[in-house]
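2 protein chains.
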Amino acid sequence: MAIRLDFLDGDFETRFAAFLTTKREVSEDVNATVRTIIDDVRLRGDAALADYSKRFDGIDFSETAMAVTEAEIDAAIALVEPEVLGALKVAAVRIEAHHRRQLPKDDIYEDAMGVGLGSRWTPIDAVGLYVPGGTASYPSSVLMNALPARVAGVPRIVMVVPAKDGQINPAVLAAARMAGVEEIYRIGGAQAIAALAYGTETIAPVAKIMGPGNAYVAAAKRHVFGTVGIDMIAGPSEVLVIADGSNDPDWIAADLLAQAEHDTGAQSILITNDAGFATAVENAVERQLKTLPRAHTASASWRDFGAVILVPDLEDAVPLANRIAAEHLELALDDADAMIPKIRNAGAIFVGRHTPEVIGDYVGGSNHVLPTARSARFSSGLGVLDYMKRTSILRLGVEQLRTLGPAAIALARSEGLEAHARSVAIRLNLGDEG
Amino acid sequence: MAIRLDFLDGDFETRFAAFLTTKREVSEDVNATVRTIIDDVRLRGDAALADYSKRFDGIDFSETAMAVTEAEIDAAIALVEPEVLGALKVAAVRIEAHHRRQLPKDDIYEDAMGVGLGSRWTPIDAVGLYVPGGTASYPSSVLMNALPARVAGVPRIVMVVPAKDGQINPAVLAAARMAGVEEIYRIGGAQAIAALAYGTETIAPVAKIMGPGNAYVAAAKRHVFGTVGIDMIAGPSEVLVIADGSNDPDWIAADLLAQAEHDTGAQSILITNDAGFATAVENAVERQLKTLPRAHTASASWRDFGAVILVPDLEDAVPLANRIAAEHLELALDDADAMIPKIRNAGAIFVGRHTPEVIGDYVGGSNHVLPTARSARFSSGLGVLDYMKRTSILRLGVEQLRTLGPAAIALARSEGLEAHARSVAIRLNLGDEG
Numbered sequence: 010m011a012i013r014l015d016f017l018d019g020d021f022e023t024r025f026a027a028f029l030t031t032k033r034e035v036s037e038d039v040n041a042t043v044r045t046i047i048d049d050v051r052l053r054g055d056a057a058l059a060d061y062s063k064r065f066d067g068i069d070f071s072e073t074a075m076a077v078t079e080a081e082i083d084a085a086i087a088l089v090e091p092e093v094l095g096a097l098k099v100a101a102v103r104i105e106a107h108h109r110r111q112l113p114k115d116d117i118y119e120d121a122m123g124v125g126l127g128s129r130w131t132p133i134d135a136v137g138l139y140v141p142g143g144t145a146s147y148p149s150s151v152l153m154n155a156l157p158a159r160v161a162g163v164p165r166i167v168m169v170v171p172a173k174d175g176q177i178n179p180a181v182l183a184a185a186r187m188a189g190v191e192e193i194y195r196i197g198g199a200q201a202i203a204a205l206a207y208g209t210e211t212i213a214p215v216a217k218i219m220g221p222g223n224a225y226v227a228a229a230k231r232h233v234f235g236t237v238g239i240d241m242i243a244g245p246s247e248v249l250v251i252a253d254g255s256n257d258p259d260w261i262a263a264d265l266l267a268q269a270e271h272d273t274g275a276q277s278i279l280i281t282n283d284a285g286f287a288t289a290v291e292n293a294v295e296r297q298l299k300t301l302p303r304a305h306t307a308s309a310s311w312r313d314f315g316a317v318i319l320v321p322d323l324e325d326a327v328p329l330a331n332r333i334a335a336e337h338l339e340l341a342l343d344d345a346d347a348m349i350p351k352i353r354n355a356g357a358i359f360v361g362r363h364t365p366e367v368i369g370d371y372v373g374g375s376n377h378v379l380p381t382a383r384s385a386r387f388s389s390g391l392g393v394l395d396y397m398k399r400t401s402i403l404r405l406g407v408e409q410l411r412t413l414g415p416a417a418i419a420l421a422r423s424e425g426l427e428a429h430a431r432s433v434a435i436r437l438n439l440g441d442e443g
Numbered sequence: 010m011a012i013r014l015d016f017l018d019g020d021f022e023t024r025f026a027a028f029l030t031t032k033r034e035v036s037e038d039v040n041a042t043v044r045t046i047i048d049d050v051r052l053r054g055d056a057a058l059a060d061y062s063k064r065f066d067g068i069d070f071s072e073t074a075m076a077v078t079e080a081e082i083d084a085a086i087a088l089v090e091p092e093v094l095g096a097l098k099v100a101a102v103r104i105e106a107h108h109r110r111q112l113p114k115d116d117i118y119e120d121a122m123g124v125g126l127g128s129r130w131t132p133i134d135a136v137g138l139y140v141p142g143g144t145a146s147y148p149s150s151v152l153m154n155a156l157p158a159r160v161a162g163v164p165r166i167v168m169v170v171p172a173k174d175g176q177i178n179p180a181v182l183a184a185a186r187m188a189g190v191e192e193i194y195r196i197g198g199a200q201a202i203a204a205l206a207y208g209t210e211t212i213a214p215v216a217k218i219m220g221p222g223n224a225y226v227a228a229a230k231r232h233v234f235g236t237v238g239i240d241m242i243a244g245p246s247e248v249l250v251i252a253d254g255s256n257d258p259d260w261i262a263a264d265l266l267a268q269a270e271h272d273t274g275a276q277s278i279l280i281t282n283d284a285g286f287a288t289a290v291e292n293a294v295e296r297q298l299k300t301l302p303r304a305h306t307a308s309a310s311w312r313d314f315g316a317v318i319l320v321p322d323l324e325d326a327v328p329l330a331n332r333i334a335a336e337h338l339e340l341a342l343d344d345a346d347a348m349i350p351k352i353r354n355a356g357a358i359f360v361g362r363h364t365p366e367v368i369g370d371y372v373g374g375s376n377h378v379l380p381t382a383r384s385a386r387f388s389s390g391l392g393v394l395d396y397m398k399r400t401s402i403l404r405l406g407v408e409q410l411r412t413l414g415p416a417a418i419a420l421a422r423s424e425g426l427e428a429h430a431r432s433v434a435i436r437l438n439l440g441d442e443g
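Protein chains in written order, with the working numbering: chain A, 10 to 443; chain B, 10 to 443.
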C-alpha cells in the first residue's frame with residue numbers, strides 16, 4: 010500500500026519534503042571494474058571485446074561475427090508477429106512526423122550595423138545507440154532513440170546490443186531497420202561503450218552515445234563523457250496523476266500500475282481532491298495487482314514509493330506538481346487544458362481522461378525518453394536537438410570593426426587581456442596603445 | 010615555438026592524430042575535499058558557508074553581510090571607468106538582441122487523426138551563476154551567462170562570487186546590474202556550489218548552475234549534478250586560424266596570442282597553404298611576445314600546445330578543421346564564405362580578415378561560452394535553450410484512443426508489460442485480453 014499524505018495535515022510540508030527527496034535507486038559502485046574494462050578495450054580493441062563478450066554474454070566472436078548482417082535482420086523480421094510489426098510501423102511513422110517538427114531553422118542575418126551573425130545547426134557526424142539485452146530490450150526505445158537521429162540527419166547511427174548466448178530480440182532488429190540503423194554490433198556492457206567512444210579495429214568511434222543501460226553502462230557513459238557526448242543518465246520512471254473524483258478508479262489504478270510494473274524503483278503518485286475516490290483507487294490497485302504478471306515488481310514499487318496525496322482543492326495540486334516535476338504527468342480532469350499553463354515542471358503532460366501515459370510510451374509520436382527524478386525542473390525529453398549542434402557565425406567588415414572595436418579593446422584591457430586588445434587594435438592601426 | 014606539421018610529410022597522420030589527443034589539462038583530484046565541503050554545507054548551511062569563506066576568502070560574515078546590497082552595487086558602479094561601462098552597455102545590448110532570436114517557439118498542433126501534440130518551452134525557475142574571483146573575474150562572462158537567462162525569462166537569477174578579503178571586481182557588479190541579476194552573494198568555491206544546489210537559511214536552492222570556475226568548482230558541479238542541472242565543464246580555450254598568404258602576419262600572430270594569453274593550457278593553431286607566411290607568423294609571434302604583459306602564459310601555451318600546419322591546398326584544411334572541432338575558428342581568407350558550409354564542427358566561426366575572435370569574446374553579440382576540447386563535435390555554445398526546458402503535451406479523445414490503442418497494446422504485450430497494455434485496454438472496454 011502506498012503512503013497517504015493529506016495537504017491539510019499539520020505535518021504535510023515536512024512529510025512532502027521528505028517524500029520528494031526519497032532516493033529510489035541504489036547506486037552500485039562499479040567504477041573500478043568499468044575503468045579496467047574501458048582501459049582494456051582502448052588498449053586491445055577487438056580482442057578485448059571478444060574476451061568480455063565471451064565472458065559476460067557467452068558469445069564467441071571466432072564463430073559469430075560481431076556485426077549483424079542485413080540477412081540476419083531479414084531473418085529476424087520474419088520472426089516478429091505481423092501485428093507487432095504493424096504496431097512498430099504505426100509508432101515509427103508518428104514519431105518521425107512529430108520529431109520532424111523539431112528540426113531547428115538556421116538563423117543567418119545582418120544587423121542594423123552591418124554585422125553578419127548566425128546560428129547554424131548541423132547534425133552530429135556519428136552517434137552510438139546502446140540497447141540493453143534481456144527483458145529490458147525494448148523495440149520502442151530503439152525507435153525513440155534512433156528516429157530523432159535520423160530526422161536530425163546524422164549520417165552514421167551505430168547500434169550496440171548484447172547478444173546473450175547469441176540471441177538478440179528480433180523486434181529490436183526490426184525496429185532498427187525501420188529507424189534506418191545500418192550498423193549493428195552484438196556487444197554490450199562497459200566494453201560496448203568503450204568501443205563506441207574510442208573505436209576498435211572493427212568499430213569506428215562515434216561522437217555521442219545515447220540510450221539506457223544497467224549500472225555498468227551508466228558508469229561507462231559517465232567515464233567516457235568529454236571524449237564523446239552522452240545523453241542524460243535515466244533513473245527509474247515515474248508518473249504523477251492529478252485526478253478528480255469523476256474518473257473511473259480502475260482506469261487511474263491501471264495507469265499507476267503501468268508505471269509501477271517497470272521497476273521496483275519506479276514511482277506512481279496520485280493527487281486528488283476526493284478522499285472517497287482515493288480509497289477506491291487504492292482498492293482497485295490491490296484488486297488489479299492480483300492478476301498482473303509483473304505483480305511482484307509493481308507491488309514493491311507501489312508499496313515503497315507510491316503515494317496518494319489528498320488536496321482540498323485541485324488548484325492546490327499545481328504547486329505540488331511543480332515541485333515533484335514528474336517525468337509523466339496525467340491530468341485526468343474535466344478541464345485539463347486550463348491546468349496546463351500552470352504546470353511549469355513536467356517531462357510530458359497527458360491531457361484528459363483518454364490519454365493514458367502508455368500512449369506516449371509507444372504511439373503518441375512524442376518521445377518516451379524523458380527527464381526522471383525531478384530533473385524536469387531543468388531538462389527536457391530527448392529530441393532532434395540532442396543529435397545536432399549549433400555553430401555561431403560572426404562576420405565584420407572594416408567598417409563594423411571600426412565601430413565595435415573600441416568597446417572590445419576597452420573591455421579586454423579592463424580584464425587584463427592585452428593580447429586580446431591588440432588583436433583588434435592592430436587591425437585599426439591603433440598600435441599597442443589602442 | 011609551436012610545433013610544425015606538414016600535410017605532405019609521410020608521418021603527418023600519425024603526428025596529427027597524436028596532436029589531437031594531447032591533454033592540455035592536469036586534472037587535480039579534489040573530490041574528497043569537495044565532498045566534505047558539500048556535506049558540511051548541506052548539514053550546517055550558513056554556518057558552514059561562514060567558516061569556509063573566512064578560511065578561504067578571509068571574509069567574516071559576522072562583519073559583512075553575505076548578500077551584496079543594491080547600495081553596494083551602486084557604489085561599485087561609480088568606481089568603474091565610464092569607458093568600460095559604455096563598452097559593457099554596447100556588449101549587453103548586442104548580446105541581448107542576438108539571444109532574443111534564439112527564443113524557441115511552442116509548437117502546439119493537432120494531427121490529421123485529431124491527436125493533440127505539443128512541444129512547450131518554459132524557463133527554468135531559478136538558476137545560479139558562478140563567477141570566479143581574482144584575475145579570472147570577467148564582467149564579459151557575467152553578461153554572457155546572465156543575459157541568455159534573462160532572455161529565457163528565468164524569474165530568479167542568483168550570482169555567487171568569492172570576495173577575497175572582501176573585494177569584488179566592481180565591473181562584475183556593474184555587469185550583473187546590467188544583466189538584471191538581483192540576488193548576489195559573496196561566496197565562492199565548492200561551498201557556493203553546495204549552497205546553490207541544496208540551499209541554506211539565507212540562500213534558496215536553484216535548479217541549474219552555470220558558469221566557469223577552478224578545479225574545486227568544477228568538481229563540485231559534477232558532484233551536485235542530478236540534484237540540479239549544470240552547464241558543460243569548460244576546458245582551456247582554443248583557436249584555429251585558417252589563413253592564406255595574403256594576410257598580414259602580424260594580425261594573425263596577434264589572434265594566436267590573444268588565445269594563448271588566457272592560460273598555459275590554451276591552444277592556438279594556424280593552418281595555411283603558404284610556408285613563407287607560416288614562418289612570417291611564427292616570427293611575428295615571437296616579436297609580439299616581447300611586449301606582452303602576459304608573455305609568460307602566452308609563450309608557454311604557444312610552446313607547449315601551439316601548432317602551425319602546412320597544407321598543399323586550403324581545401325585540405327577542411328577535414329583537419331572538422332577533426333580539430335575548434336572552439337573558435339577564424340577563416341582569414343578571400344572567399345571565407347565558401348568554406349563555411351564545409352565546416353561541420355566548430356563552436357563559432359569568425360569570417361574574413363576583419364573578424365578577430367576577440368570581437369566574439371565581447372561585443373559581437375553571440376555567446377563566448379563555447380564547447381572546448383573537441384566537444385564542438387557533439388555540443389553547442391551557451392544559449393537561451395540552456396535556460397529553458399521543453400515539455401511534451403499529448404491529448405487523445407476516445408476516438409483517437411480507439412484508433413491508436415490497439416497498436417500500443419500490441420507493443421506493450423510484445424515487451425512483456427501487461428499493466429501497460431491494460432491501462433489502454435480498460436479504457437476501450439477490451440478487458441484483460443485486449
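It cannot be assumed that every hint is accurate.
These stretches of chain A come out as covered by chain B in the derived footprint (C-beta under 8 Å, 3 or more residues) [claimed, not checked]:
| hint | segment |
| --- | --- |
| 1 | 273-287 |
| 2 | 415-425 |
When the alpha-carbon atoms are kept at most 25 Å apart in a straight line, the in silico DMTMM-like pairs for lysine to aspartate or glutamate are as follows [to be verified]:
| hint | chain 1 | residue 1 | chain 2 | residue 2 |
| --- | --- | --- | --- | --- |
| 3 | A | K32 | B | D240 |
| 4 | A | K98 | B | E119 |
| 5 | A | K114 | B | D38 |
| 6 | A | K32 | B | E210 |
| 7 | B | K98 | A | E119 |
| 8 | B | K114 | A | D60 |
| 9 | B | K32 | A | D120 |
| 10 | A | K32 | B | E22 |
| 11 | A | K114 | B | E210 |
| 12 | A | K114 | B | D48 |
| 13 | A | K351 | B | D116 |
| 14 | B | K114 | A | D346 |
| 15 | A | K114 | B | D313 |
| 16 | B | K114 | A | D48 |
| 17 | B | K98 | A | E408 |
| 18 | B | K32 | A | E105 |
| 19 | B | K32 | A | D134 |
| 20 | B | K114 | A | E210 |
| 21 | A | K114 | B | D116 |
| 22 | B | K98 | A | D120 |
| 23 | B | K351 | A | D115 |
| 24 | B | K32 | A | D240 |
| 25 | B | K351 | A | D134 |
| 26 | A | K98 | B | D346 |
| 27 | A | K351 | B | E119 |
| 28 | A | K173 | A | D346 |
| 29 | A | K351 | B | D49 |
| 30 | A | K98 | B | E408 |
| 31 | A | K32 | B | D134 |
| 32 | B | K114 | A | E119 |
| 33 | B | K114 | A | D49 |
| 34 | A | K114 | B | D18 |
| 35 | B | K351 | A | D116 |
| 36 | B | K351 | A | E119 |
| 37 | A | K114 | B | E119 |
| 38 | A | K351 | B | D115 |
| 39 | B | K173 | B | D38 |
| 40 | A | K32 | B | D48 |
No wet-lab data here; the hints were simulated from the structure. Values in this document were obtained by computation on a predicted structure and should not be read as measured data. Glycine included, C-beta positions come from ideal geometry on N, C-alpha and C.
Now for the hints, and whether the structure bears them out:
| no. | hint | verdict |
| --- | --- | --- |
| 1 | 273-287 | violated (count 0) |
| 2 | 415-425 | holds (count 9) |
| 3 | A/K32 to B/D240 | holds (24 Å) |
| 4 | A/K98 to B/E119 | holds (20 Å) |
| 5 | A/K114 to B/D38 | violated (42 Å) |
| 6 | A/K32 to B/E210 | holds (23 Å) |
| 7 | B/K98 to A/E119 | holds (20 Å) |
| 8 | B/K114 to A/D60 | violated (50 Å) |
| 9 | B/K32 to A/D120 | violated (39 Å) |
| 10 | A/K32 to B/E22 | violated (49 Å) |
| 11 | A/K114 to B/E210 | violated (44 Å) |
| 12 | A/K114 to B/D48 | violated (44 Å) |
| 13 | A/K351 to B/D116 | holds (17 Å) |
| 14 | B/K114 to A/D346 | holds (19 Å) |
| 15 | A/K114 to B/D313 | violated (40 Å) |
| 16 | B/K114 to A/D48 | violated (44 Å) |
| 17 | B/K98 to A/E408 | holds (20 Å) |
| 18 | B/K32 to A/E105 | violated (40 Å) |
| 19 | B/K32 to A/D134 | holds (23 Å) |
| 20 | B/K114 to A/E210 | violated (44 Å) |
| 21 | A/K114 to B/D116 | holds (14 Å) |
| 22 | B/K98 to A/D120 | holds (17 Å) |
| 23 | B/K351 to A/D115 | holds (15 Å) |
| 24 | B/K32 to A/D240 | holds (24 Å) |
| 25 | B/K351 to A/D134 | holds (13 Å) |
| 26 | A/K98 to B/D346 | violated (42 Å) |
| 27 | A/K351 to B/E119 | holds (21 Å) |
| 28 | A/K173 to A/D346 | violated (46 Å) |
| 29 | A/K351 to B/D49 | violated (36 Å) |
| 30 | A/K98 to B/E408 | holds (20 Å) |
| 31 | A/K32 to B/D134 | holds (23 Å) |
| 32 | B/K114 to A/E119 | holds (22 Å) |
| 33 | B/K114 to A/D49 | violated (46 Å) |
| 34 | A/K114 to B/D18 | violated (41 Å) |
| 35 | B/K351 to A/D116 | holds (17 Å) |
| 36 | B/K351 to A/E119 | holds (21 Å) |
| 37 | A/K114 to B/E119 | holds (22 Å) |
| 38 | A/K351 to B/D115 | holds (15 Å) |
| 39 | B/K173 to B/D38 | holds (24 Å) |
| 40 | A/K32 to B/D48 | holds (17 Å) |
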